[in-house]
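Chains as they are written, first to last, in our numbering: chain A, 1 to 67; chain B, 1001 to 1486.
Think of the hints as simulated: they come from the structure by calculation, not from any bench.
Treat the hints loosely; a few may be bogus.
[Unchecked claim] Stretch-level coverage of chain A by chain B, calculated; a stretch enters the list once three of its residues show a Cβ under 8 Å from a Cβ in chain B:
no.: 1; segment: 27-36
no.: 2; segment: 46-60
[Unchecked claim] In silico contact screen, one side only, chain B against chain A (beta carbon under 7 Å); selected entries:
no.: 3; residue: MET1141
no.: 4; residue: TRP1184
no.: 5; residue: GLN1188
no.: 6; residue: GLY1226
no.: 7; residue: ILE1232
no.: 8; residue: ILE1239
no.: 9; residue: ASN1244
[Claimed, not checked] Subject to a maximum C-alpha distance of 27 Å in a straight line, what follows is the list of computed DSS-like cross-link-like pairs (lysine-lysine):
no.: 10; chain 1: B; residue 1: LYS1255; chain 2: B; residue 2: LYS1243
no.: 11; chain 1: A; residue 1: LYS49; chain 2: B; residue 2: LYS1220
no.: 12; chain 1: B; residue 1: LYS1237; chain 2: B; residue 2: LYS1177
no.: 13; chain 1: A; residue 1: LYS49; chain 2: B; residue 2: LYS1238
no.: 14; chain 1: B; residue 1: LYS1370; chain 2: B; residue 2: LYS1474
no.: 15; chain 1: B; residue 1: LYS1377; chain 2: B; residue 2: LYS1243
no.: 16; chain 1: B; residue 1: LYS1370; chain 2: A; residue 2: LYS49
no.: 17; chain 1: B; residue 1: LYS1243; chain 2: A; residue 2: LYS49
This structure is a prediction, so every number in the text was calculated from the model and none was measured.
Every residue gets a Cβ at the ideal spot worked out from N, C-alpha and C, and that includes glycine.
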Amino acid sequence: MFLLCFVSVSIVLFLLAAGEVHAYLDAGSGSMLIQIILGGAAGLVVILKLFWRRILDVLGIAKQDTN
Amino acid sequence: MPAVAIEKHSAESGSFRDRNGRVVYTEEGVFRLLSEHALRQWEALSNTVFFQRLMSEGKIVETERVHSASRALTHSCNGNWAAVLRHQTVPFVSYPYEWCFSMLRDAALLQLELLRAALDEGMILKDASAYNVQWQGTRPMFIDVPSFEEWEAGEPWIGYRQFCQLHLYPLFLQAYKNISFQPWLRGQIDGIDPEQFNRLMSLRDLVRPGVFSHVFLQSKMQARYGGADKNIRATLKKIGFHKNLILSNVDRLRKIIRHLSLKPSQSEWSDYERFHNYTDDDLDRKAAFVRRAVHSRDWNLAWDLGCNTGAFSRIASENARYVVSMDADHLAVERFYQALRSEGRERILPLVMNLANASPDQGWRGLERKSIVGRGKPDLTLCLALVHHLVITANIPLPELVNWLAALGTDLVIEFILKEDPMVRTLLRNKTDHYDDYDLAVFERCISASFEVMERESLENGTRILFFAHNRSKPDRPQLIQNMIG
């Protein structure tokens, strides 16, 4: 289960846009990402959403992303 | 609320990191200046139900908006501030590196409770600094009201990492590794980071509640993705980071923290009350002596140095507005705190403090965290069964110690224990006795130089002597009641 989540989150990273994290404190990229895993069942939904986007991308039927 | 026309005010020197506000002290109390942005957040906050409820429960410091603040205030600190808030004052400021285990734990649970209550009404705590909690005796109070902000849908919990660094890991350090967290927090102003803490975890530790997720995984994630030049926050928002992710994480953290406890471990001082060598009769006489001194006049702030399990702090609180009890032994402070907490006491604050190396000024230019004496000087200090520890164990010259006490401007109830006494002989074993200054005649000379001895009593065959002394640098108090038994 954890391994699945861990692997899934790795995939997330390929979808991320470039930019700067500006925050009052150092939120930590890894610390934000881990919250998806720590979210339990709700986190799975987020991960599945990401998988789905990726699949659509690969199949070439994704809408143009307006970043 | 009448117009607040404050002419003399001073900015809190340590309040500069948050660009949206400043804390200012005046004769009328503690005020907070808000920027436009902070004002909008305040307006959202004051309309919530949870804020009013938690304030009335004493979990958030009492705060109200000052509608007719003077121009002097709104234009102070190089700003044109949009609004002014007034806060209830904290009797004595303290820091997480002075708290015992259960104090840090209760502070952590309070933060999580507030976070959850805020999320239920569309707000969030933007950070999770342990310095946002202060104490009214044993009641923790959240003081950083501007930390509450509107939660933007999809935002992860930004303060999670900080919560771990300043609360979770120090608690784990104590509960799982039996290592005191106070020196770590004092040395590292931001707390213990995940990568560092993970290196302390053994294979055995990985199965302890909370370690695998909050330590191991977080540190691995951070190591892998921390350097990424990507806007993770914005992306998580886009994919819809749901509030439930935060809520379930918070609930799990609460459960983990609630189940943390100290490993039972003996310390010679937390067993003091069972193994001390005062006869019952002498204990009664000592208590009576302290009580007479305490009731000789009203006191604003009393310090009990080397408080151990706090019996004499309790006596001091009978006639002092507030008592700050300090002991170097965190287990003794832990026991005292738990007892006070179960009684709901709010006028005694127990702190872990090594007087030979007391909390100094810290932070940027030494302005953000104050030294212990910079936070409020006592007018009465109890130094019972302590002098021999500082002089013989910590090697602080006796005149030095007395001078320090005198400089505090405090009156004194102090106990001198002679070298022949078993308590001192224990300290001198395995040591060369070069403590020539540790002598009753020297002690009395030092005391008389700066203090006027009001009462003196011998216990235990004359090897333990109590003194109640009035500080010569203080003006004579007309209300000093002359009921001393000679």
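Comparing the hints with the structure gives:
1. Under the rule that three or more residues need a Cβ within less than 8 Å of chain B, the assignment of the segment 27-36 of chain A holds, with 10 such residues.
2. With 4 residues bearing a CB less than 8 Å from a CB of chain B, the segment 46-60 of chain A meets the requirement of three and the coverage assertion stands.
3. Hint status for MET1141/B relative to chain A: violated, with the closest Cβ pair at about 22 Å, above 7 Å.
4. For TRP1184/B, the interface hint is violated, the least distance from its beta-carbon to any beta-carbon of chain A being 18 Å, above 7 Å.
5. Annotation: GLN1188/B was flagged as interfacial toward chain A, and the flag is violated, the nearest CB pair being 14 Å apart, outside 7 Å.
6. The beta carbon of GLY1226/B comes within 5 Å of a beta carbon in chain A, closer than 7 Å, and the hint placing it at the interface holds.
7. Taking 7 Å as the C-beta cut-off, the interface hint given for ILE1232/B holds, the closest approach to chain A being about 5 Å.
8. Because the smallest distance between the Cβ of ILE1239/B and any Cβ of chain A comes to about 6 Å, under 7 Å, the interface hint for this residue holds.
9. The beta carbon of ASN1244/B comes within 4 Å of a beta carbon in chain A, closer than 7 Å, and the hint placing it at the interface holds.
10. A threshold of 27 Å between alpha carbons decides the hint, and for LYS1255/B with LYS1243/B the separation of about 19 Å falls inside it, so the pair holds.
11. At roughly 23 Å between alpha-carbon atoms, LYS49/A and LYS1220/B fall within 27 Å of each other, so this suggested pair holds.
12. Between LYS1237/B and LYS1177/B the CA atoms are separated by roughly 37 Å; this puts the pair beyond 27 Å, and the hint is violated.
13. A hinted pair counts as satisfied when its Cα atoms are at most 27 Å apart, and LYS49/A with LYS1238/B qualifies at roughly 11 Å.
14. Pair hint LYS1370/B plus LYS1474/B holds up; C-alpha atoms about 24 Å apart against a cutoff of 27 Å.
15. Restraint check for LYS1377/B and LYS1243/B: the C-alpha separation of about 46 Å exceeds 27 Å, so the hint is violated.
16. Of the supplied pair hints, the one linking LYS1370/B and LYS49/A is violated, its CA atoms being roughly 49 Å apart against a limit of 27 Å.
17. With a C-alpha separation of about 16 Å, the suggested pairing of LYS1243/B with LYS49/A holds against the 27 Å cut-off.
Violated hints for the displayed structure, listed by number in ascending order: 3, 4, 5, 12, 15 and 16.
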